[in-house]
Amino acid sequence: MADYLVTNSIDTKVSIAELHDVSVRFNTSSPIVLQVQNLTIHSGDFVSVVGASGSGKSTLLRLIAGLTQPTSGTVKSPSSDSSSPAATGMVFQSANLVPWRTAEGNVRLPSELGTQPTQISSDRIDELFQLVGLTTADKVKQASALSGGMQMRISLARALVRDPNLLLMDEPFSALDDLLRMQLEEDVRRIHAAQALTTVLVTHNIAEAVFMSDRVLVLGNRPSTIHKDLKINLTAERSGQLRNTPQFHSAVAEVTDALRSAAAAGQFG
Amino acid sequence: MSQRFYLSIIAPLTALVLAIFCWQAVVWLTGVSPIVMPAPTSVMMALKKEAPKLLNAAMRTSTAAILGLFASTILGVICAFGFSQSRLIRTTFYPFAILLQTVPIIAVAPIVVISFGRGFLSVALISMIISIFPVITSTTTGLLQVEASLLELFRLNKATWWQELWKLRLPSSLPYMISGIRIAGGAAIVGAIVGEFFVGSGQPGLGAMIQKKSQGMNMDELYATVFVATLLGVVFFSVVTLIGERTLKTHFATSLSGSPGK
Chain A
-14 MADYLVTNSI
-4 DTKVSIAELH
6 DVSVRFNTSS
16 PIVLQVQNLT
26 IHSGDFVSVV
36 GASGSGKSTL
46 LRLIAGLTQP
56 TSGTVKSPSS
66 DSSSPAATGM
76 VFQSANLVPW
86 RTAEGNVRLP
96 SELGTQPTQI
106 SSDRIDELFQ
116 LVGLTTADKV
126 KQASALSGGM
136 QMRISLARAL
146 VRDPNLLLMD
156 EPFSALDDLL
166 RMQLEEDVRR
176 IHAAQALTTV
186 LVTHNIAEAV
196 FMSDRVLVLG
206 NRPSTIHKDL
216 KINLTAERSG
226 QLRNTPQFHS
236 AVAEVTDALR
246 SAAAAGQFG
Chain B
2 MSQRFYLSII
12 APLTALVLAI
22 FCWQAVVWLT
32 GVSPIVMPAP
42 TSVMMALKKE
52 APKLLNAAMR
62 TSTAAILGLF
72 ASTILGVICA
82 FGFSQSRLIR
92 TTFYPFAILL
102 QTVPIIAVAP
112 IVVISFGRGF
122 LSVALISMII
132 SIFPVITSTT
142 TGLLQVEASL
152 LELFRLNKAT
162 WWQELWKLRL
172 PSSLPYMISG
182 IRIAGGAAIV
192 GAIVGEFFVG
202 SGQPGLGAMI
212 QKKSQGMNMD
222 ELYATVFVAT
232 LLGVVFFSVV
242 TLIGERTLKT
252 HFATSLSGSP
262 GK
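Going line by line, the protein sequences match chains A and B. Position 209, counted from 1, in the first sequence is what our numbering calls 194; the numbers after and before it change by one each time, with no gaps. Position 250, counted from 1, in the second sequence is what our numbering calls 251; the numbers after and before it change by one each time, with no gaps.
Extracted from the complex, chain B is given alone in its bound form:
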């Protein structure tokens, strides 16, 4: 078990180190211009030099993404409640929920910016739009996939609509909801960065930095920014996953591990 765990960390890490090594070798051997492709070493230098700015930008992006994820979680769960209530509601509105997923965010972002201004609100909104779909679908599935015999127990005891929702459907859909929010977490960061890309200097996060640096000559700085943006996405996904697993563990106590609870 632990051996496999270490392998799951060491193997991808080795691949990463090898890839960086190859990249460095290619830059050295071919002498390619740093405007076309900067060497990993110079990206590292840029990272160090720009660290305070990058950190500040990452904080702004995270704030917008957290708000976006928060909004998509609340709105998504509310939508899922609606969807779970009747087949008619599902058939009527599900196509529109799919639209949220299929619409190119690149096309929507400028529209949002025009409507809501070049600021924080637009960025959070775009982050929400891109991250709400997985919350809606998985929570809806969870709310509908309640064990039939448990539903009968509730009906036998003449449970009210609210009791059925609060004491049965909601807790039993929690694992689904959490897996939806986990996927939404990664998407929320992407949404925030895309939003900032269009908002520009009005909301100087990572997206705005990428936009600005892609027009300049300092490719190493652009690479450094992309690196931080990617890292932020991973951190976001991991934190949401961790919180989700913690919640599930306390919710179901022993059912995940199978050992007696404390």
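Just chain A, same shape as in the assembly:
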């Protein structure tokens, strides 16, 4: 019954971000960095973007974030809509915390910005700290005194503080050790599921992409474009045990093959 409803609702899903005939060049003489014909990110999806270095993964994310403007084509995303100021949260490659603020001060920062700053209640802050796996005792700690994993958790809480419609993550766990990375992957997936939060993750880690996502976009190289758009048919609930299942391994193999073929196509293209 429940399964039936889920499959049926796919067609009626609301689109959160759309790209049409987009191409990006950094200047008029440079080659095309990224070319996307059509891409729709649906509400509640967890989409990962994988690809070789220089395949335009980050550029795609930055387009959606509104930090990069397309040279041609249109990008529709919460960030491109200037009337909704708080619609996108972003986690960067490094934790990217402000060193002169406390953990709490860093989490509050986005809510203080823009033309309509909002006051976040301390209950909400406590809730966020709990959500990302920190204790309320961590609130007063100076950002720079925290470990890499804790900094990343604060970075995540900061991205969530304005209740975004869309969460963007740019290789957020690449600097963390494996165990910590897996723990954070599970935590982020849990947060995504609990809030039906549309999430786009850029990563170079195939297992990470498979574990976290409902959909994986494989970017090809030169010209950089979406080579494959793969659906990950794993259970909605992702626990650590899933990593040991044959279904998971075959999904990883499928994405790996797609990446290989993307690289091969690039060599001849």
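Some clues are possibly wrong.
[What the hints assert, rightly or not] Just so you have them, the derived chain B footprint on chain A, three or more residues with Cβ under 8 Å:
1. 43 to 52
2. 72 to 80
3. 93 to 104
[As the list claims (entries may be wrong)] Some chain B residues judged to face chain A by a derived CB distance under 8 Å, without partners named:
4. Gln146
5. Glu153
6. Phe155
7. Thr161
8. Gln164
9. Leu166
10. Thr248
11. His252
12. Phe253
The set of hints was computed from the structure by calculation and includes no laboratory data. These numbers come from a predicted model, not from an experiment. Every residue, glycine too, gets a C-beta built ideally from N, C-alpha and C.
Chain A is already provided as a structure; the job is to place chain B on it using the hints.
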């Protein structure tokens, strides 16, 4: 760590004591006239005798230098704001900022004195002119050297121009600003003394005393004045450094020491 710290105090101090000892020996052995070179002992005597006057003069010089440094900090930071706003502003006005640094203060001082009179104001102004450049350059560098990903975070959250300045550029430029003000601190004292040198009796600080005593016969008193002027410069530099380090420590709390904050 502490051993190295003690060495850093003892070694230069030993060198100083040795140098004074040699100086005393040379004066004794050669019997050189005290008008040419007074002995350290007689400089010490002069220092003691002139102490109240020197203290009074040092206070006046410090007041002018503090005002000069205060003005160059405020004006310098404002200039740096302007510089950080656009490349056009930087390219247009930076050469003039360099002029402030390259122009011989000896040449400018008389002009300032003629324009602003033989008084406190001229001295503070000269002190400002000589000390403003390091504040401008280091603050400008600090305002421009903001981490790109932090800027993107601010842009993503649609931060206003003011929020970007107040919550990002200004606090992240603080270490640069403080190092600029530190250098300016030493320069401000030099500027005040040079100013007083030209203003003369209108503003009887250390500069005026040096000027007066260099024309007299009491070399020991001139040496004593120079000694106090040098000491004042060191004190000024140290105080500004101390305040700066304190500010940075509370600003960044633990990032400097790496230990958990209170």
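message = Let me make sure I understand: some of the numbered hints might not hold for this structure. Which ones are they, in numerical order?
response = Hints 4, 9, 10 are the ones this structure does not satisfy, whereas the remaining hints hold.
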